[in-house]
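**Student:** For reference, the chains in residue letters:
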Amino acid sequence: MAKLPVSLTINGDEHDLLIEPRKTLLAVLRDTIGLTGTKEGCSTGDCGACTVIVDGKAVTSCMVLAVTASGKEITTIEGLASDGELHPVQQAFINTGGYQCGFCTPGFIMASKALIDENPDRTEEEFRHALGGNICRCTGYTKILEAVLEAAEEIRTTA
Amino acid sequence: MSEYTVVGQTVARVDAVEKVTGAAQYGADVHPPGMLYGKIVRSKHAHANIRSIDTSEAEKLPGVRAIITQDDVPSGRRVFATDKVLYLGEPLAAVAATDPDIAEEAAERIKIDYEVLPVVQDVIEAIKPSAPRLHGDDTKDGPNRREISGQIRKLSRDKENDHSDEMSKLEAELEAYPDEVYYNISAESHTEAGDVEKGFAESDVVVEDTYVIPRVHQTYMEPHVSVASADSSGKITVWASTQGPFAIRSGIAGTLGIPLTQINVIGTTMGGGFGGRFGVIITHVPAVLLSQKTGRPVRVQMTREEEFTDGRPAPGCVIKLKTGATNDGRILAREALAFWDSGSVSGASIGSTIRVRGVYKIPNLKVDAYGVHTNKSGTAAYRAPGAPQAIFAGESQLDEIAERIGMDPVKFRLMNMREEGDAVPAGGSEPKVGYKETLEAVADAAGWWDREADENQGWGVAVGDWTNGCGPGGVYVSVHEDGSARIFHGSMDITGTDTAISQIIAEILTVPYESVTIRRGDTDSAPYSTGSGGSVVTFTMGNTAKLAAEDAHQRILELASERLNTNVDDLELRDGAVHIVSAEQPKSISLGELAAYSLSTTGGPIVGKGSFARQASTPALAAQIAKVEVDPGTGRTRVLKLVASQDVGFAINPMAVEGQIEGGTVQGYAWAMMEEMQYGEEGNINPGFVDYRVPTSADLPTVESVIVEVPAPNGPYGAKGVGEPPITPTLATMANAVKDAIGIRVTELPIKPEKVVDALKSNGHGA
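One line per chain: the protein sequences are A and B, in this order.
Heads up: the first sequence begins at 1 in the numbering used here, then just goes up one per residue.
Heads up: the second sequence begins at 1 in the numbering used here, then just goes up one per residue.
Note that these hints are calculated values from the structure, not bench results.
On a predicted model such as this, the values are computed, not experimentally measured, just so you know.
Any given hint could turn out to be false.
Stated by the list, open to error - Every beta carbon over 10 angstroms from chain B, so not counted as near; a handful from chain A, in silico:
id	residue
1	Pro-5
2	Glu-20
3	Asp-55
4	Gly-71
5	Asn-119
6	Pro-120
What the hints assert, rightly or not - If you only want the chain A side, here are some residues facing chain B, beta carbon under 7 angstroms, derived:
id	residue
7	Asp-46
8	Gly-79
9	Tyr-99
10	Cys-104
The beta-carbon is built from N, C-alpha and C at its ideal position, and this holds for glycine as well.
One chain only, chain A, in its complex shape:
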């Protein structure tokens, strides 16, 4: 299949690539760039494990064709910590035990970060509904919600 030129900015690094139009952003991140922190859980946009942030919005990267992301700023789980410091959302997931097997965790952290950036003042109930696109099978969500509320509080008070 013919390949098209694609320019992606991923975690601040520019990548100029030749990509088949049928390849998803998820496939390019994982198989071409080698950033495997973003997970494939369903390939149908239903589980949220592949959530990344594109131009500030959380998206399921299995539902995005890579060619349509050309020229956009993409942040993956690998790009969240800076200067050796974990992002407050990452730290909160550790503090509260908001992960178990960890497979859904990158997606949850990216989705949570985007939600908190947009509005850190959501209530628990609002976060519960806003995170309804991400599936976790291990935690029962109780400790994930604790993590998100703790991170939101941290970001609110230090912003």
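Put chain B on the given structure of chain A with help from the hints.
**Tutor:** Relative to chain A, chain B alone:
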């Protein structure tokens, strides 16, 4: 708890940073140079003869490197179907290509000529003489044809109080068919204690009902995956997302007829398992065969859809249950007849039907269970395999009895619970377990005793028991010249077990938790370890780790006695240093100094070894209370409160234990309220998250967990396995709460809104 400094404390897990930064390496993250992508070719019919498989069009596709069928399995052991398929999605062939899309396209180009056969998907249909026979053997003593015992037949004819359609259908069929034979039977299990007929005769109240529990998928978030690499010498390396690398090693060796030493299995970080991640054929063997054929590494990764069609989910079942009790609340007899949907192969956890006995003093018990073949994939373990199904029946019926005799459901359970030394029906005598403590704890925490409910609100309670497994394991621990310690073992971390092992080592060596690191070896390097399932890891590997640390501890004291020129008996290891206990002049040497001393003299590295096989486990109880509100218009049930207590023996890492309780409870909630693998004439019809709904954070409130600690005599620090018990009572907890809210007893799960609306309408409560 205060006598310990590291165990019993909440600590951040050893894998915390790699899990929140995306660095943890799961199966599909392995990408050796030159890797090809495998794809399994699957049956498009649920039951069919295979006339031919034509791979010629697929072979022409550029990028295709190999196509294999059963002809390519040198051992002849069944990996792919040949002449007949028994379920939708059954593997027929596999492709390896340079790109995943090419592999998928090639798989679609393979032409299979089917002769479609009649399909049977329902266990009650499958046991009838008119059913298609999956395995063909119709001889009187054939393995899939069983004579019905007189006792069971009598039970199935006892119509009193049973309004179930399922059993009425069976009843009519049996009446019409005098042969007294069940068909498509894969296995059977029978248990009897006391005399149930006598027990029912002496009972004031007898309740009988039929419970239908659906097949559900474990739905671990990481689909099955393996990467295999066969080198030119014949050595095979398999990166496997599995609960049991050693079982995968022996499984591959057995299937392919090659020596164990020729296979190295590297367990990758596991994206959930819940019992479903032990199967060897699913992806591992096809990956190995494709790598052998191409001489290149091959990854075989299932899609979510393939997980639903060819995973190994939990079996559904039909359980007919009958319970007799006296008006003053004593349970006298219980009798069960169960048909478990085993799918195309045997393996459903039919022995778990015995769990209908619960934790109660039931003097008369009879349990008959059959595994039944249907046109579905085979089944596997799912978190306390078989127990949620049996306990749903048992605990639902207990509430019906309590209601008939006018007794509070918690009090009724407390009154009948076994105590230390009581006989376990068909199973020895009861050890000390916190049954009553756990139920009382959840009742107190939930506010059961002064509970209130508005209209359409209700409260439900149930308990479930489970006993952790046990198996062999080995652990080495090394103490280094900087005072740190390193653990080496071969057990897969199952959401926190590496952390528990590290805590135990730190506790015994009296060093900070942060100075202990843990490394998992592959099957070539690590000592054998039992699989990470059956809640075994903290019990088995915790005991093993304890032995290793105690061995190192002994060596430390010996070396210190040499260095400090005193008797071992005068020494104490405390705060990371060895101290002379009774010296007039206090004298001590740190572990680091001692390790350095040992390296520079004749002592050598400080290494402790632990090797463990098994010890008797102690049962655990999970007790749960839910408060719900049912909308009579939409039939939707909303959970207002969900409280879960569990006797965990001893919580080595309380935050991790809470996480297990919360997660297991929500899986139980999902089985009760939403999950169901649905089957039509051509197999599974809901193979994805849109049609097979699992809960999200929007579906539930906070789960309140309550830890109860009644130590297990043989557990490390008294710990019991905690992973499985919390799923066991939730199905009944929810059904009992719905019954309390709207007066409708749902015996067929899941309790979907449409079912509630229909039931309300037929009871004259139409919206």
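**Student:** Hint by hint, work out which the structure violates, then give me just those numbers in ascending order.
**Tutor:** 2 and 8
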